[in-house]
Amino acid sequence: MKSILGKNLGNYRTSYRADMALLNSRNKKIGMVILLLVIFLLPMFASNYFIGLMTLCIISSIGAIGLNILTGFTGQISIGVGAFLGVGGYASAILTTSMGYSFWIALPLAGIITAIIGGLFGIPSLRLKGLYLAIATLAAQFVILFIIRRWVSLTNGTSGMVLQRPTIGDFALSSNTSYYYLSAIAFLLSAFYAINLVRSRTGRAFFAVRDRDMAAQIMGINLFKYKVMAFAISSFFIGIAGSLLAHYTMIVSPEFYEINVSIQYLAMILIGGLGSVFGSILGAFFITLLPVVLNIIVGSLSGILTDLSHILSAFEEFVFGAVIILFLIFEPGGLAHMWSNTVNYFKKWPFSY
Amino acid sequence: MVKILQIEGISLQFGGVKALNDVSFHIEEGEIFSLIGPNGAGKTSMLNCISGLYHPSQGSIKYKDEEITKMKAYSRTNLGIARAFQNIALFEHMSVLDNLMLGRHTLMKSGPFSGGFYFGKAEKEEVDNREHVEQVIEFLDLQEIRHTPVERLAYGQQKRVEVGRALALSPELILLDEPMAGMNKVEKERMAQLILKMKDNGITVVLIEHDLGVVMRLSDHIAVLDFGKQIGFGTPNEVQENPEVIKAYIGENVS
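Sequence order for the protein chains is A and B.
Its first residue numbered 1, the first sequence is counted upward by one per residue in the working numbering.
Its first residue numbered 354, the second sequence is counted upward by one per residue in the working numbering.
Don't take each hint at face value.
Computed spacing ranges between beta-carbons, pair by pair [to be verified]:
1) R127(A) - E504(B): 25 to 35 Å
2) F466(B) - L126(A): 22 to 32 Å
3) L328(A) - Q546(B): 46 to 56 Å
4) L131(A) - E504(B): 17 to 27 Å
Don't read these hints as lab results, they were simulated from the structure.
Predicted, not measured: the structure shown is a model, and the values here were computed from it.
We put the beta carbon where it would ideally sit given N, CA and C, even for glycine.
Same shape as in the complex, but just chain B (with noise of 0.2 Å):
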């Protein structure tokens, strides 16, 4: 399998809080990937080191065999990287079409000139990615709300809406965090089949979640972290036999 993303002994500090601590591991190339822990354990700050909001004191982060440590959050988009934030981070006042069509912001071309007089060039560009943002409503199921803006919808359609934009960039990594956060087990499993769907298009996923059940069911390899370290990495089955992971979730044998 070939290697999409390589992380090396990275390390990240706040002052004088260490949120990661020489963390290590790789993700192959369209597979699932989970990142578990409890809380705090820097589950979201390892994901911001890859998408490029933090940037890590130590380690490296390669893509595809490309350095990008130090590359900025907006050029790694270009690459191919999507992310769907864990407290919905959409565009509130904007419709979800307008906030789909912006997921597709890298892979457009039009600017101020062509895109304020709009006719001919900008408006084939607009209708070709609308069409493109269409089928991720339809996989999605976000028809009959495509001109809402996003700030009257409810909780499960935004989370759906966070991820729909995400993967309008056509990524080929995909950065899940808590997707399922708040969910009944209905709409759980509903956007675990999503996931799979994505994984069946060749997407590669990174999943960060709390429900250990859809964890082991989804994923091909998970990484646990506990206090910014990590203590695990490999596939479910090895995962769940690590004693350092059982210590972390359920603590120690007092007797």
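Next comes chain A alone, as it looks inside the complex (with noise of 0.2 Å):
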């Protein structure tokens, strides 16, 4: 049976494996295939600075589903993401500026570097819960940042580091264009890391453990073992984000690591949807291009409203906090909700439910 749009309703599939695919009806093959060519097509028809601005996007996206693997999916909140992200970014310069490794060896190890330093950090998730355990993050925050400054001869301190583009054999991803396909290869293999681990049995536990740790336990689930996997592979994420980020912007300093960046990725997941990979991708959007549109607003009302200008330059922060504030009040459940509310409408337009 179809509705009126086309749509097909009911269930056809008749094997289990079927039901549990990933792509389970030809619609979503189809979405799939027309996503994948926006995204590797895009730098044919966009602006340079859109492009680098969509980079920017991807690379937040990758510390956003991190993210939510720990905080959405696992229930453990964490507010020292900015300082992990720093961790990555300066694993990844002090690797290649410093030790003359290649990016491709840095990269991946900037992410197991901060997997184990947030392993180590995460060690406390056994006994302490909610805002206890964003404290003891918060302190992760403090001290990493702390050790960034002051061990100079390894980080050069309040200076930072300048890092290079990556290559391939002669070729410099100098460019945006090819910057921006390095990350959105990255990107598209953590959403689909990060989508099937939800869907198994490693995801599975993580829900468990944040929905009800003592039915849990009786599960057979290890809850120590699985909050600091959870801390390990979220950072192995924003390491990698972090390193990605570092390689973008070419330098790396103390003060891009700062507890407003952690702010900015709570913000991306809460706004996204928690435990939605597709939520944090929107929400890592959302945030990164919350500034950039108000700013053209601003602009254009500069002219209309010469005096106004410099009070509206405040008018981000207030924007800022006033949408978390609106999301938190109107759709808990975020952008990925608001996202499944309209496609089911449609699906079932034009009945109800």
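Two independent chains are provided; combine them into the complex using the hints.
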């Protein structure tokens, strides 16, 4: 049976394997192909500036997916993302600039180093829950940044370090477009991994730890192991994002990794949707593009209201806060939930349910 | 008969309160064993000791002659001990299917690497276990609601999912904490049938239940607790005639 809009209704699958496939309907397969085409053909149509923006968005998406694995899936709040991005960025900077390794070795190593440090800071999670754990991760934020600032011989202190764009053979990925493709591949791999993780044994265990840790134990889940594992996997992604970001901006410095970055990433997953890979991506795009869009609005208003323009420069922080509050009140499920509501509305149209 | 579980001299203390005081009984393999007693007698505390959520201050618990008193809760699950909770403890944001799949957690192997890349071994494992879970779904008549998030189900359905999640583990010993609480007569009858079927399939059942009619009809052996003390242990008939049990349940003759 088909709905008026031509969508298939009902479940026609005849095997469990087909039911459990990732793209279990034709529409989903077509959608996936279109999405991939858009991602890979975008540089042919978009301006250099726009591609740069998209690169930032997809790198943030990797970090947001990482944070969502920890906070959205496993229920462990972390305010240390900024510092973990820093660990990834500095690990990459030290490995390539100081030690002369190639970017292609430094990138995964940056992920692994961040995963180890993240896992270490995850150890208190066995005893600490909710806000208390959040404060413990806040400590991670300050301790790590303190070390970065003070260990001058390793990190060059507050003056930061300079990085190079990666090269393939003789070809340097110095243009925005080539770096966009590199980030896009990393992004697709991360999203693919995270989506699969969620629907397999480990992901279910994460959800169980979040929803009811006592029952999770009775299901045979070792809470400590899975909490630390969530910290490590989450930090791996954040480390990869940190490394990609560092090679994109070609500079690392402690002030890029302050606590406001942590808050921004938390906002991404809150607005995007806790516990949803798709939501992390939407949230990352939303938060990254928000200041850009606001700038355009303020810019166009300043022509009419010249006196207001300097007042409006504080507009960004105001909107940022207001958006988070509005989402918490009206749509705690985030953008991902809004999206699925919209899709379901059209699926069932003209009936309400 | 082989003793599957031996409880010897278990005491459990919370500060000054003795929740359990020198409780000893044993459970034979393949039987239905009931734990009864008035509210606050320590029945659930006893189950918590068996499943490892509480660690008794004294005494020992042996499962198939293996000492498990100090073993962590999640390792006991590996031995084949499953548990359904009294106050439903399902993962309410997840679907019925995912809840049951979590029941199979210890029987699956895929980790964060194979699971994240899914195809091949992890996929096969998911499908194989899904097939097993579907048997449980059929056994408990949950077909229509398998994709529904648990939080949207009615109480009686949630209760069945709770039992199903424990059954999905393919346990040898299943601990059911008031599986019939809040059910009407028809639902209770159905649950009683399920418990008898579990016994037929060779699963040892430990049951906590307030409906004494059901308990007397189903059980092979019964232990009675009152204020943390064991006041009776034996077959239903022996327990029914035990004066201390009558005293705890009905009270003393005043005249």
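We went through each hint and held it up to the structure:
1. R127(A) - E504(B): 25 to 35 Å: Check passed, 28 Å falls within 25 to 35 Å.
2. F466(B) - L126(A): 22 to 32 Å: holds (23 Å)
3. L328(A) - Q546(B): 46 to 56 Å: holds (47 Å)
4. L131(A) - E504(B): 17 to 27 Å: holds (24 Å)
Hint violations for this structure: none, all hints satisfied.
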